[in-house]
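Assemble the complex: chain C is given as a structure, and chains W, R and F with the ligands must be docked to it using the hints.
Spelled out, the chains give:
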Amino acid sequence: MFAIKNNFPIFKAHPDLIFTDNASTTQKPAAVIEAISQYYREMNANVHRAVYDLGNQSDQIYRDTRQEICEFYQKETCIFTHGTTDGFNKLAMSLENQIDSRSNIIVTEMEHHSNLVPWQELCQRTGAELRLVGMTDEGTLDYEQMEKLMDDSTRIVSMVHISNTLGTINDLKRVRKIIGNRNAWFLVDAAQSCAIHIDLIQNSDADAYIFGGHKMFGPTGVGILLAKKKLLNELPPFHFGGGMVTEVETLKSEYKEDVTRFEAGTPPIAQIAGLKEAVRFISEVDLGQCRQNVSRLAKTLRARLEAEGFDCLGKGQDTAGIVSVTFGDIHPHDAASFLNTKNIAVRAGHHCTQLIMKKYGIQACVRFSFSIYNRDQEVDSIMHAIKEMKSFFS
Amino acid sequence: MFAIKNNFPIFKAHPDLIFTDNASTTQKPAAVIEAISQYYREMNANVHRAVYDLGNQSDQIYRDTRQEICEFYQKETCIFTHGTTDGFNKLAMSLENQIDSRSNIIVTEMEHHSNLVPWQELCQRTGAELRLVGMTDEGTLDYEQMEKLMDDSTRIVSMVHISNTLGTINDLKRVRKIIGNRNAWFLVDAAQSCAIHIDLIQNSDADAYIFGGHKMFGPTGVGILLAKKKLLNELPPFHFGGGMVTEVETLKSEYKEDVTRFEAGTPPIAQIAGLKEAVRFISEVDLGQCRQNVSRLAKTLRARLEAEGFDCLGKGQDTAGIVSVTFGDIHPHDAASFLNTKNIAVRAGHHCTQLIMKKYGIQACVRFSFSIYNRDQEVDSIMHAIKEMKSFFS
Amino acid sequence: MSRLNKMYQEQLLVEAKNPYHFDKRIDIEESIRAYNPLCGDRYDLFLGEEIFFHGFGCAISKASTSLMIKFLEGKSNEEAIHSIKKFIKGIEGGGQIEEELLLIFRNPDHFKGRHDCIKLSWNAMLKYLLNLPS
Amino acid sequence: MSRLNKMYQEQLLVEAKNPYHFDKRIDIEESIRAYNPLCGDRYDLFLGEEIFFHGFGCAISKASTSLMIKFLEGKSNEEAIHSIKKFIKGIEGGGQIEEELLLIFRNPDHFKGRHDCIKLSWNAMLKYLLNLPS
Ligand SMILES: Cc1ncc(COP(=O)(O)O)c(C=O)c1O
Ligand SMILES: Cc1ncc(COP(=O)(O)O)c(C=O)c1O
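Chains as they are written, first to last, in our numbering: chain C, 224 to 617; chain W, 224 to 617; chain R, 21 to 154; chain F, 21 to 154.
Chain C with its partners taken away, still in its complex shape (with noise of 0.2 Å):
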């Protein structure tokens, strides 16, 4: 593990720092960086049928990089995208199409608001109906509930894959089974399995899978959209623009038959060569020793929290590094300050699950998401100051 660390320059800024908020954004290995910095210092150019040598090579990394991604994750085709919430937006502008009033959609209590409130909105506009699976108090989804309210009405399953607030990692083979062959699209927000769940990816059989680049040790600015080609071939484009046409006329246009039509305009063709580079970064390390490693130093916090009094979110069964909690008297974000002091960085607040919040009853909460670089000596590091913590706000 101490080899993975030495990959990432953050931490040779900042060598004191105990970096656990990994399921808002991740950090970057240097080899990342590297290929972006690279990217505009050697081979910058657009893309588009360029016939100079630079504009080649950029047009061969943005081709490249979308092979070896659908290789990566085992999919059939692979869209890009500006990152998650990106991602579903213009999936739901473009179902919207699929959708009518008698239609009914499905997504979870867990969502995070970027999986939930475009359908919203999708509902809203087409009178179709927004069904909620819950989940039980221990933060495990209500798979039984899911299934009554699952019918031939349903077009749509869309749904977190693991939950950047509870760390719950969501069944999709079973979800795939009870959605049977009903003619729904399952639509999955991998942005928490992206990084070192691949194999949950790999495995598992949705119509689609949205993530972004930041969430696994990539660049903002550049998300990804993995799907089959049957849900493609039916989607009209999101975006128009360049790059997407055949042909122009005054006042209509004819669009392209493959997957570029869905990429308007100039892609982000810096971060895709950085993407490139984490998407290497992650194939080149253990990630079954990862996995192991971020659900232990959960259950491991999770423990010594309850241990010391607090109050975790769910039960933890399947945490993916992921603890949220709360300091009875002690406000989140005043928690989160006093811990800043101590180079913990925590995230407070709701973690965009609102939804999760008001089933628990609370207004926001401290979470704690490990990755692969975190080490077991900083959970010794964060009760250390937890229990400071306790007696300075007493």
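Everything labelled a hint here was simulated from the structure, so no lab data went into it. All C-beta atoms in this analysis are idealised placements derived from N, C-alpha and C, irrespective of residue type, glycine included. Each hint should be verified, as a subset may be incorrect.
The list that follows gives simulated cross-link-like pairs (lysine-lysine, DSSO-like), each with its CA atoms no further than 30 Å apart [as the list claims (entries may be wrong)]:
1) C:581 with R:147
2) W:522 with W:582
3) W:475 with C:582
4) C:581 with C:538
5) C:582 with C:400
6) C:479 with F:147
7) W:610 with F:132
Computed far set for chain R versus chain W, every beta-carbon distance over 12 Å [claimed, not checked]:
8) 38
9) 47
10) 58
11) 68
12) 109
13) 133
14) 152
Frame of chain C, contents of chains W, R and F with the ligands only:
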């Protein structure tokens, strides 16, 4: 001018490169590249009310850059998008609630597809009429026709500021007068003016200016929408997700009141850090001299091409550093490939302006577009190569 | 002074633990809500002869609300508007905070990431005052 | 060999300047269009006993179309489909191009940025053949 070129690492990597594809994308100064790297190495964290130090720094960059951009271009507000195309598509979606079958929308024959196709689609969705202002053979906008096309049902006038194919600088002040106090939004595609024709943006009075970082020596993946508050006040949010909501209920949500309601999800924060540096870079060069420089280069090249008997598009009166040309029997792509072997990077094609191609009865052309690092002797090299090309293909 | 003690000065903690006029005065008809959905801080301000408040929030927003109520005591609406604006500006880095009572917030840099907490009730109060029929 | 002469080998230029069966044979009923809207290259292929073509395009697409017509001469539809697929794959880097007649395209790396030009008519022809009733 020597000093300026030294700021761009691409010319250290490729000392012989003559880069004349600047209308497509600009090269990046070392300071911009370093700002992005430094952000990832030393500050990387998500924004949105982070409480810890790194997050605070990111929040600050995010806020400061917004303010600096508004000050630099002297406009009321600024929203971050992902590029010119992204900006126009989001605007066109969001303005839909102000358009119906009685409305008309005015664009010009000079538009880049990204400021044409989104309006075609909007018109198809709403039944509104799309009206096209033509141009003269000289490549000048037909302002008189614009005056005739405009009426009390005109809701949107969306036009390119500087043509990316002709170099024509359109007269925004004149258009503002033509619009007068009609109830129409005046939107400007500033992709080709955002880098060095800042003065024309500052001195004009459109309701919105749309452009992208990569055209102004900044990163890909980030764009800017400068707007008057009154425009933004009337628009619903573009996208939905984290960071733009206040209250999220199961079936509906409430949105923020300030500009961040237009910026759902994690912003392209590293790119914004790069953009900040790009603005600083631009503000430190002598833009008046840069404009003279690119204009002189374009005029010289045009004159020499015409002297060789080649057809240049338009008359190039107001040239902003752009010359498009056809080489008789030599196909534009063959010409571009030939020039590439002489280290001259040019673009061949329709440059996402098929209506201009149709106007001149051609399918494609070769475009030379200059920026602040191009030099007089490069025109000599280009002409030398072109003469060689002529005999090579004859 | 450590970073910790810059933000959580003793006086601030004392204020947060013993907030002034912290009472749910439902007998007072006029009330407004100061609410930050991002962290859930939510105070009701009861606006009678005197101002009271009640609700839930972090130490900083609670202390700040408590101090605001003390600070506004005896001020006319006009004076209140003026001085709230001045305080908010001070927090946003656009001016000095000199009032004795508010000196703990004199250095907004010590409260990075928490300015919204400080301003919460002040903004709500300002909005209320500006919308009063004059 | 210079970069220039790698792409524009003499044979390619000769082929482009003297394209085989370059004739607008409107007497032939069956025709298809090979069109690349990005550069405007547009050829009509007239599919009679023999194949002819006519239209506008770059040296590379013209030479490639000309060679395709020579190459397909005498081939059955099935053979044609097979060998077009093999050629396209070769250009995309998925196999060797070995046919004598097509050897100028043997090294697709020499044609970076121009693969679409090479493949233009081949793709159109393949699409046509695959859609024939069998
Ligand atoms: C005038 C004009 N508008 C719009 C665009 C589209 O910009 P982007 O591809 O960065 O979205 C360009 C650049 O290609 C342009 O030159
Ligand atoms: C589960 C989940 N979905 C969606 C998002 C939104 O991602 P972004 O803000 O990068 O668009 C996040 C991250 O914040 C997340 O954790």
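| request: Decide if the proposed pair is consistent with the structure: residue 582 of chain C and residue 400 of chain C, CA atoms, cutoff 30 Å inclusive. | output: 27 Å, holds
| CA of residue 581 of chain C to CA of residue 538 of chain C, is that 30 Å or under? | Holds. Residue 581 of chain C to residue 538 of chain C sits at ~17 Å (cutoff 30 Å).
| message | Verify this label for me: residue 133 of chain R is non-interface relative to chain W, using a Cβ-Cβ cutoff of 12 Å. | response | Non-interface label fails for residue 133 of chain R: nearest chain W Cβ at 4 Å, not farther than 12 Å.
| query | Holds or violated: residue 479 of chain C with residue 147 of chain F, Cα cutoff 30 Å? | reply | Satisfied, since the Cα-Cα distance of roughly 16 Å is no more than 30 Å.
| task | Confirm or reject the statement that residue 47 of chain R sits farther than 12 Å, beta carbon to beta carbon, from all of chain W. | result | 28 Å, holds
| request: Say whether it holds or is violated: residue 152 of chain R keeps its Cβ farther than 12 Å from all Cβ of chain W. | output: 20 Å, holds
| Does the structure keep residue 610 of chain W and residue 132 of chain F at a Cα separation of 30 Å or less? | 24 Å, holds
| said: With the threshold set at 30 Å, check whether the alpha-carbon distance from residue 581 of chain C to residue 147 of chain R stays at or below it. | reply: This hinted pair holds, its Cα atoms lying about 28 Å apart.
| task | Verify the proposed pairing of residue 522 of chain W with residue 582 of chain W, using a straight-line Cα cut of 30 Å. | result | This hinted pair holds, its Cα atoms lying about 22 Å apart.
| query | Non-interface claim for residue 68 of chain R: all C-beta distances to chain W beyond 12 Å? | reply | 28 Å, holds
| 12 Å cut-off, C-beta based - residue 58 of chain R kept clear of every residue in chain W | Not fine: 5 Å to the nearest Cβ puts residue 58 of chain R too close to chain W.
| field | Verdict on residue 38 of chain R as a residue remote from chain W, using beta-carbon distances over 12 Å | value | Nearest chain W Cβ is 25 Å from residue 38 of chain R, so the label holds.
In terms of the numbered hints stated before, the structure departs from hints 10 and 13, listed from lowest to highest.
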